[in-house]
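Peer 1: Spelled out, the chains give:
Number of protein chains: 2
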Amino acid sequence: MDENFNRYEPGAVAISGDSILAVGPEAELKKNYAANQTLDCGGKVLMPGLINAHTHVPMTLLRGLADDLRLDVWLLGYMMPVERQFVSPDFVRLGTQVACVELIRSGVTCFADMYYFEEDIARATAEAGMRAICSQTVMKFTTPDADFFEESLASAREFIQRWKGHPLIVPSVAPHAPYTCTEEILRATAALAVEFDVPLHTHLAETALEVENNRNEHGMPVIPYVKKQNIFDAKVLAAHCVHIDEGEIKTLLHHNAGVAHNPSSNLKLASGFAPVTKMLAAGLHVGIGTDGPASNNDLDMFEEMRLAAFLAKATANDPTALPAPTALAMATRLGAHALHLGHLIGSLEAGKRADLILVELDPLHNSPRFHHDPNGPYAQLVYAAKSSDVTDVMVNGRWLMQARTLLTLDESELLAQTQEYARKIDAFLVEREQSVLSKLIAIGGASEAESFEVQSKVRLEDTAPVLAAMEKPDLEILHHRHYHEYDTYFSFDGPNQGYLRYREDEFIDEKGEVSYVRYRLTLIGPARERHFPSDVLLSRSRFIAPATHSLRFYREYFKPSAEHFIEKDRLRWRVLFRGTEFYINLDRVEQPELGTFLEVKSRTWSRRDAENKAELTADLLSLLGVAPEGGETMDYIEIVERQP
Amino acid sequence: MDENFNRYEPGAVAISGDSILAVGPEAELKKNYAANQTLDCGGKVLMPGLINAHTHVPMTLLRGLADDLRLDVWLLGYMMPVERQFVSPDFVRLGTQVACVELIRSGVTCFADMYYFEEDIARATAEAGMRAICSQTVMKFTTPDADFFEESLASAREFIQRWKGHPLIVPSVAPHAPYTCTEEILRATAALAVEFDVPLHTHLAETALEVENNRNEHGMPVIPYVKKQNIFDAKVLAAHCVHIDEGEIKTLLHHNAGVAHNPSSNLKLASGFAPVTKMLAAGLHVGIGTDGPASNNDLDMFEEMRLAAFLAKATANDPTALPAPTALAMATRLGAHALHLGHLIGSLEAGKRADLILVELDPLHNSPRFHHDPNGPYAQLVYAAKSSDVTDVMVNGRWLMQARTLLTLDESELLAQTQEYARKIDAFLVEREQSVLSKLIAIGGASEAESFEVQSKVRLEDTAPVLAAMEKPDLEILHHRHYHEYDTYFSFDGPNQGYLRYREDEFIDEKGEVSYVRYRLTLIGPARERHFPSDVLLSRSRFIAPATHSLRFYREYFKPSAEHFIEKDRLRWRVLFRGTEFYINLDRVEQPELGTFLEVKSRTWSRRDAENKAELTADLLSLLGVAPEGGETMDYIEIVERQP
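If you're matching them up, the sequences are chains A and B in order. Residue 595 in the numbering used here sits at position 595 of the first sequence, with consecutive numbering throughout. Residue 1619 in the numbering used here sits at position 619 of the second sequence, with consecutive numbering throughout.
Since the hints were made in silico from the structure, they are not lab data. All values derive from a computational prediction rather than experimental measurement. The C-beta atom is built at its ideal place from N, Cα and C for all residues, glycine as well. Careful: at least some of the hints might be erroneous.
Claimed, not checked - Restraint ranges, calculated between C-beta atoms of paired labels, are given here:
1) A:D2 x B:R1603: 44 to 54 Å
2) B:R1007 x A:D362: 31 to 41 Å
3) B:Y1557 x A:H218: 51 to 61 Å
4) B:K1559 x A:N256: 41 to 51 Å
5) B:D1147 x A:E411: 51 to 61 Å
6) B:R1007 x A:K559: 19 to 29 Å
7) B:Y1557 x A:A191: 52 to 62 Å
8) A:Q643 x B:E1026: 51 to 61 Å
9) B:H1479 x A:D362: 54 to 64 Å
Just need the whole structure built from these sequences, with the hints factored in.
Peer 2: What follows is the structure, given as structure tokens:
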């Protein structure tokens, strides 16, 4: 798999320590080298190990958890809740070991991973003897290993410092994706990768929706946007790149970014068809990845190679597109370059690491074998070989499998532990199956994931001082609205179900007339609170969905145990206070007659920011002439429910 | 896999003879039935055998022969020449046995085949214990088992008569495809299928080009065209149906036609994306096929199921499209209906044949196993299971494989014989590698395949009598043209190479001026002649391609051993004589000065037609006032080459 696709039949490889000394005709090597140990490969194909250019290995434990679902339902309804509940150092260690069994058995010697607790993944991988790029995820949402992005960024830094220079593991940082990161996160992770000269691993332009949203929010497609955040200062490994144009391909090429193409995942999640033929023609290093086994549902690179070739042909309407030698190059040499490891692995050449595999090409499902066509062996490997035809695997000069026997992992022990996790996850999901969130997601997806809010609520006797204070020069009013809101709250038996609110939002125009009405469904999760001084409250998780059905439908569908109605008049301002955006609500709760309240709220994504905003909130309340000591930490529905 | 997707865990199946007595919960069956023999399936999935709805099983012997080629290059350059040379009763028997090993190992219990010498395929299949629809191919071209379609039609009839009612084999007839059959063949095969009430198996609307050509030639898309030929009077199994619209789907549905979807083949040959979701929504019975192993390159139905689901999702832009239970239904129950065998197989139900398999769902690559989702096992089978997870296979109440041991076939013996064929084919191709045809095909495809022509050539001393005869009322002149032709003939060393002609065709208009010029490359194969009385000659094979490169390029590329130049003036008429079309050429060969010749030609596709046309040719020559006895059977180049 060198640049010239040299083949030797019969050929030989001379290895010393972790590296290849020479590759060439058997007779020549026998003449030039004396070996302590000689292995007869018995007519099998000896080739570089396959490189899985993008995956999330611990998700082996979530394989088959949920399939045939819309991305939001799959992600918000299944993956994220289960990950939040179960993903731990122990979980990722086991998942990595299970993945290593599957990867070694199918001829993979190196993979690029992106997940949580990445240091534990690195440790398990190194113990199994495999090579990997291990990329610690950073994103704006809460993850299993970090409440705020600053924590995961800090652990990424420590992880990289500790593992940089390891013979098998390349530590790396992974800003998850442009839409799950802030600009600050993108810039910070790029700077970290540059500082330590390690790869930056990310998801780019996976779906058409991502590109559309990026255009709406930032006025440009994904690649120029992340370029603006300095991403390409780093050695980028970009997974997916399904929806990019020729200009974006040029940008990736100019910055020597590697691309990981994920055929199965792109099909299964209906992401689309990546322009692989164009990327290759432009000269981009495009490797092949399986993506996580929860969206594939396996780690079989033979399947992915075949599919990469098949899809390129069908989408180019040309059966000569992406021929077998190119598909195999993507899974080896080009993949190595995509991972920025082309100098070390990806082909059998003197000086490179001894990462190699043996593949049988004579089982019946791959017979007969023709010799007239020099491309025949590549076609056999890509179009007819199965992962089970791999018999031996060596990484860094060490055998990890010989004659299909694994030498570094205990498969049956791992299987038992895996099934133990599955039992726990099953129990969790069976219990949750009646949960409001999963039912909400089941009928149409929640458009907004969990978020953090800093908020404070104060009961007012008189609104006049607040209204007067709104004129103060310290407040810049960005937006003002008048609503009349009719809220129906469903509450449920069982712990942690939260409330489901069906809201009819009447927009009142300047003439006092209803200009239009919006219907929304909001799931107000159980509070996961943090109190700051002055009764400032951090966070409630909320999932918002447009209410496209009638109140009656939702009542019958969700079968709430109780139902409450609240009607209120709301004046709402979006203001800028000391450079920070806040929402100020002046609510007159009319039914039941609870009185008038002032609410101050602001969205936040980071712990530091939350602390800062909590302080600002207290100051803002003072400015509005309100004593924060009278604060309510409850939602209106909680006040209503606690009434006798 | 019954209509309601009933599952029993733990379940049991009671079998007597070739059939299923009962299916249900284990406890219930144990209570109601006493068995001579009870088999504990050890927690595996017991399910109906998979049905491969479209394949060409003997092509296992051609697996990997040629890949990554354009369809015409692949078909005309490799498959057809090799088939013509090698396909025999012995070849198809061995190829069928090899395929049966692969099919049984991967959980297939029934397949729908289409090939040549189909009776030998049926015999080998029945001996292996498998169920199949065996469809004898009929087409207008010469096939390995018939020079003319009348022969294959006759053998189809005899085959059906002999095998109708066999417990495992359903004999059937296969008009190959609309573009490889005449209307007469389509009508005759439909009538045959109706007469014996057997399925009619064909390829329909596989490529966009096929549909375009059909529109141009017949003024309508493929499905209405074959409907007009009474195809749908028969029980149709239509392979591919990639390029059909909603109206055509309705037509197929109305006539209860079954469809075989071939995901890998459609991708690998770049045929396109079949509208599977629409076909299923309309209620069509869509099964899944591997197509022949030369264009796949395997017979792995697990791969095809997964791919069917994947492709439907990506093309519908909807990850919920074609969920796992539907994919599995396509490979079982829907496939059985597509084969018109839904009453016998496709699900485990009382009264149906005992065609079933056991599949392990607990190897590591398919772990863990979750239970919270009732669709989980379907997703495991479709998205993560491998064909190697099949352990046991029963067809018609008889075990064909137990604990991965084959009971009816000797795999190692078959492998050796397979390799023997590969050696012979390799030698044939290596020798041919320098052939003009393969080189012609390699650079751009031949647009026209082999054809038969009835022709007669007579030297004239005087053209006046012929020109006068052209006015006779017995001749209807459809078209008249005047050309000036500059032909360069390449000839080659080695047997059977034929001539390659580079022709510059000047079209001369009524004013005697050149209106335009056409450049064509024609490979004139070695004559495979048949003489009819009066020196009428049947047939030369010709491959025609547009000459897009210069004469110099072709000279350097083909490296001919000799080169000759012929310039002539040609008057050409297309005429109707007693209801039959003929071409009449009046050629004045100017360089070298050979004199003037009269040529009479007509295309033919059948032996009977050729005999008829040979007689007509003699009569036409008489009408033109020419004595056929002076006929030349040589091409001009042969006359030139024989000159001293």
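Peer 1: Now tell me if each hint is right for this structure.
Peer 2: Hints, one by one, checked against the model:
1. The beta-carbon spacing between D2 (chain A) and R1603 (chain B), approximately 52 Å, falls within the hinted interval of 44 to 54 Å.
2. A beta carbon spacing of about 39 Å between R1007 (chain B) and D362 (chain A) agrees with the range 31 to 41 Å that was offered as a hint.
3. Between Y1557 (chain B) and H218 (chain A) the CB atoms are about 53 Å apart, so this pair conforms to the stated range of 51 to 61 Å.
4. Separated by about 43 Å at the C-beta atoms, K1559 (chain B) and N256 (chain A) satisfy the suggested range of 41 to 51 Å.
5. Remark: the range hint 51 to 61 Å for D1147 (chain B) to E411 (chain A) is upheld by a beta-carbon distance near 58 Å.
6. For the pair R1007 (chain B) and K559 (chain A), the supplied restraint of 19 to 29 Å holds, since their beta-carbon distance comes to about 27 Å.
7. At about 56 Å, the CB distance of Y1557 (chain B) to A191 (chain A) agrees with the hint of 52 to 62 Å.
8. The hint said 51 to 61 Å for the Cβ distance between Q643 (chain A) and E1026 (chain B), and at roughly 56 Å that hint holds.
9. For H1479 (chain B) and D362 (chain A), the Cβ-Cβ distance of about 58 Å falls inside the hinted range of 54 to 64 Å, so the restraint holds.
The structure meets every hint from the earlier list without exception.
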